[in-house]
Amino acid sequence: MHRSFLICALGLLQWSTITEASGQVANEGHQVSGYVLDAASGEALIGATVWCASINAGVSSNTFGYYSLQLPNGKQQMTISFIGFQSQSFELDLEEDLKMDVELASGVAIQEAIVTGESFDRIEDQVQMSKMEIPMDQVRRLPAIGGEVDLLKSLQLMPGVQSGGEGTSGLYVRGGSPDQNLIVLDGVPLYSVSHLFGFFSVFNADAVKQMSITKGGFPARYGGRLSSVLEVNMKDGNMREYHGTANVSILASKFTVEGPIVKDKASFMLSGRRTYLDLLLKPVINSINSNDPSVETDPRYFFYDLNGKVNWKIGAKDRVFLSIFNGKDDFGLAATETEGISTSTFDFGLDWKNQVLAARWSHEWNSKLFSNLTLTQSEYNFNTGIQFDETENSADATTARFASLYRSGIVDYAARMDFSNAISNKHYLRYGGNITLRQFNPGATTLQLQEDDLPGIDTTFGSSQLESVERFLYLEDEVQISDRIKANIGLHATALEVNGTYFPSLQPRAAINWKLNDGSAIKFSYAQMQQFVHLLTNEGLSLPTDLWVPATDEVTPQLSTQYAAGWAKTFGEIEVSIEGYYKAMDGLISYREGASFNNTFNSRWEDQVTQGQGDAYGFEWLFQKKVGRTTGWVGYTLSWANRQFDEINSGDWFPYTYDRRHDASVVLMHRFSDRIDFSATWVYGTGRALTLPESTFQTFLPSSFTSASTDFNGLSVDVPSEKNAYRTSPYHRADVSLTFTKEKAAFSRSLIFSVYNVYNNLNPFFSLVEENNDGSRSIREYGIFPIIPSIAWRAEF
Amino acid sequence: MNRRKLPIQLLPLAFLALLFGGCERLGNGIVQEIEFPTHTPQLAVTLISRPMNDTLVARAQSSAGILDTTGSQHLKNALFTLTHEGGASYTWGGQTDWLNGIGHVLPSAQLASGLWTLECEEENFETATATQMVPPQIDSVGDYLYAITVELNSLNIDEYSDGDITKYFVERNWTLELSLPDRFDERDFFILKAQHVNDAEEEVNDAQEDEFWSNNTWISPEIEDDTRMNYNGLARGWMIEDISDENSLNSLRFEVNQFATGDDLEALLVAPAKLELAALSPELSEYYRTLELIDNPSGGSLFTEPLLAYSNMSSGFGCFGLYTSCLLELPNE
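Protein sequences, first through last, are from chains A and B.
Sequential numbering of the first sequence, starting at 0, is according to numbering that gives the first Met the number 0.
Sequential numbering of the second sequence, starting at 0, is according to numbering that gives the first Met the number 0.
Bear in mind the hints are in silico, worked out from the structure with no lab data behind them.
Values in this document were obtained by computation on a predicted structure and should not be read as measured data.
Hints should not be assumed to be uniformly reliable.
Stated by the list, open to error - Now the in silico label distances, taken between C-beta atoms and shown as ranges:
{"id": "1", "chain 1": "B", "residue 1": "29", "chain 2": "A", "residue 2": "260", "range": "34 to 42 Å"}
{"id": "2", "chain 1": "B", "residue 1": "72", "chain 2": "A", "residue 2": "583", "range": "44 to 52 Å"}
{"id": "3", "chain 1": "A", "residue 1": "387", "chain 2": "B", "residue 2": "152", "range": "23 to 31 Å"}
{"id": "4", "chain 1": "B", "residue 1": "294", "chain 2": "A", "residue 2": "404", "range": "28 to 36 Å"}
{"id": "5", "chain 1": "A", "residue 1": "500", "chain 2": "B", "residue 2": "29", "range": "47 to 55 Å"}
{"id": "6", "chain 1": "B", "residue 1": "332", "chain 2": "A", "residue 2": "341", "range": "51 to 59 Å"}
Claimed, not checked - Computed from the model, here is a short list of chain A residues facing chain B with C-beta under 8 Å:
{"id": "7", "residue": "46"}
{"id": "8", "residue": "89"}
{"id": "9", "residue": "591"}
{"id": "10", "residue": "695"}
{"id": "11", "residue": "715"}
{"id": "12", "residue": "719"}
{"id": "13", "residue": "766"}
{"id": "14", "residue": "777"}
Just so you know, even glycine gets a beta-carbon here, dropped at the ideal spot from N, CA and C.
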């Protein structure tokens, strides 16, 4: 294992040397490099286009806004552009390497020509396929349930990305499950991204600068998950002025402040959000209980999250970023009852918490070589407990206690080094490595029993802690093979060490862009992925009880191979892309028939799961207009997703729960004026696959094994259908939002009216077998979200 | 130019109207009732018995669609044939052998060791067959023997008044060490249960409650989460299985508690605690295991993965299962 890593490392170095040499041979010009920044805030712009028309070549700025482009000597026509900003075009007379930071002004005025994206940034010019991005400005304008804008729900409106169910924020990408999405916040993987049992995500839209999702054709720098990579980057903080926003909606309030610590040198960003359902409901519940003064109840539910970031330019070539994210959900009920001299208290609680810490150091070694070192910690904990105390306030005071606490969690410590090397305009090399120490606590229960005159019990049992070490190296080269053909070829070498077992893996990656005569492009991609963590989850709901567990010698890693082909072209301001994909998966896990998350509380999780395979294939169409007064997109997905487990459904293939034949979305945003914004969405999806009890029979079991065999107990047994043989009703819904903004001297304020499910269509959320008054039974689907209007208020200064 | 202003003041009122509309729609919350295809009834056969000289009771039922109001029906005309691999056979069934409340009864059948084939015929149904190998007789002597050591740890007697009557509460605690046979090339399955067990969740009337306290015995394994055993609520005992090739069932330790109450102390002191030990065929064990998972889903019906009950019948549902058994009586002193 160590040998294969060594070989990879040597190969990587050799490749680097060869390409460096070839780059030097080809180098007959000078390097232009620097950062692309927002002129107003000094923040780096990610993915901005730096284009040189003279040589018909360009690059995109990286996650830190850095770019590097090789240009010939002499006069060159340059254009720097970014969506939503005014482009800059100018002429350079190059005689030597040039370090040049470029600042772009926001194109906020509709009348001004807002950049539509220069040729390099057009969809048909990008090698990367299956990647989608929604500008944050558009995300904030989308209609939102309860006025609470949600990043993940906006992504669910894109083709190939599906929601788990009504109102939930889980992502099901190209037939994959939610655990197969690598969700990184400022480079740090997050393990749980849901608040309120999945109805909201942990991302506070006001704190986020940029997000993108990649569904296939994964470059070699990505690894560890099968289905998608969702990158979310927090705002760095305004380097020049203090700014802030405040939001009040019916569910939560939030604030964001940012500004310089030292002007143009260091900045900060701080953002917080908290719900107040508990504060609103408490008086209502107290008034319900007011007729029984001996009982006091204290229900609670809230979630909060806090994002913070410090950004410090140490010098011209170095930057340091410190990020923190902390989010928690707390749900519970406490009750106290007093009867005479006896007081009994009851407390039930359920909480889950995410914490992410990251320190990043980016360094520009020379005009061609840029690096980034990231040290991170990511932690997720889930606790649930119940406690019952009884106290008698008498001379011989007695106390009794029963308490049970269940804990599970996962914590990562990781170090990662990434290099970007602009060898030449024909080779852009990325390489690096990562090591992650991961600690799993798959679940432990602490039990306390105490009674005055009896010996007490205080014991802990359950699965023991597991540790794993995951390492990877990668190398990728974005190479211009000919005038018409570009490619990104790479290799991701990874290995997991857990309990003395090694799982090595070499994962080749390739993406090719072939430009056609009519300006459109055909794209192909191939990616092998391996995943060393599994999520034990019920397919119906995203619960905080979902348990992260490692691959072990008993439960092997997940694997996938994905092929994709597509066609893309920009017609005026509209990008059109059509993609087809096929993904084969192996090593998937599922609860065994008859098992549930509850089994993992008190027995080995390995015994509750079984492994199998899956496939997913389909076609995706996207028509997207990102700029102008009217923006939006139309997306449609035709797809199939299936699973096969030897121990489920008699070993036969069955449709995955989220096998959705048709999935369509229409998103429209229109700016009537500087004061009035309108947005609307409509979604349609084939019903979810589900298993239902289909028939019943009566059987008989002996009541005793030693007496006469005529004494039996009868038992009615329900027989389930074949796995996922039924479908819920199709899902469809429309939302609208209207925003009125008023500019004041010191700040602007907005009133946002939105209506969720505007035509009041009740969509299925769960189904139940119910007995009717006449003794007959029915199976009914229930919905939970009718039309929901909401109002939110927002101020920006 | 006169610009008409949008009536923003009316928006909150419109929102309230929408909210009430939504609440009304949510009133029953029903999206739809799910339609099912017409169910084709299948045969569900149950024959679970000891091979010793005993009464065989077989039952044939028709399965019913989940929404059918009639439910699973007795098939009183069903005919059963039990054939030994050596050629001997029993045939019974039809209206003549039907005993209400029990099933199709064949008195005094003795099943020789070896392979038996059950065939159930009923008009309009596909004939269902199943085979069973008679499990070896579990006993303290012989080829398939258990070993037991029992130690009485405590005997507590409490006295209390029930009106004018003096009553006694006797509590005994034993430690039991049981070694069960574990064959090299065969899977071995057992059930250990108290002969008198009352389910605390059962609805009990006063008389039953008296009986509950009159003599009740509980068994609990000393090792928590012992992978060799699981409690089965339908069998009301511990299902034990071998988990490795040989000798995996040696020295199983249990704690047994007996509670007995009454006004006759002498009778209470000799009231026996009896345990039943049964050796099950693999098929019968699997039937019990899956039925228990269905009847008592670990995560509730919403969160437990659906499961089809095991069946060894060639078509339809049910089980032909055989077991052998013996009685263990614990010492009173």
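Each hint tested on the structure:
1. Taking the beta carbon of each, residue 29(B) and residue 260(A) are about 57 Å apart, not inside 34 to 42 Å as hinted.
2. Between residue 72(B) and residue 583(A) the beta carbons are some 47 Å apart, a value that agrees with the proposed interval 44 to 52 Å.
3. For the pair residue 387(A) and residue 152(B), the supplied restraint of 23 to 31 Å holds, since their beta-carbon distance comes to about 29 Å.
4. The given range of 28 to 36 Å is respected by residue 294(B) and residue 404(A), whose C-beta atoms sit roughly 29 Å from each other.
5. A beta carbon spacing of about 51 Å between residue 500(A) and residue 29(B) agrees with the range 47 to 55 Å that was offered as a hint.
6. Taking the beta carbon of each, residue 332(B) and residue 341(A) are about 41 Å apart, not inside 51 to 59 Å as hinted.
7. Because the closest C-beta pair between residue 46(A) and chain B is about 37 Å apart, greater than 8 Å, the hint is violated.
8. Interface restraint check for residue 89(A): the shortest CB-CB distance to chain B comes to about 42 Å, outside 8 Å, so the restraint is violated.
9. Given hint, residue 591(A) at the interface with chain B, holds; its Cβ is 7 Å from that chain's nearest Cβ, closer than 8 Å.
10. Of the supplied interface hints, the one on residue 695(A) holds, with its beta-carbon coming within about 6 Å of a beta-carbon of chain B, less than 8 Å.
11. Annotation: interface hint on residue 715(A) holds; nearest CB of chain B at approximately 7 Å, less than 8 Å.
12. Restraint check, residue 719(A) versus chain B: the minimum CB separation of about 4 Å is within 8 Å; hint holds.
13. Checking residue 766(A) against chain B: minimum C-beta separation of about 7 Å stays under 8 Å; hint holds.
14. The interface hint given for residue 777(A) holds, since its Cβ lies 5 Å from the closest Cβ of chain B, which is under the 8 Å cut-off.
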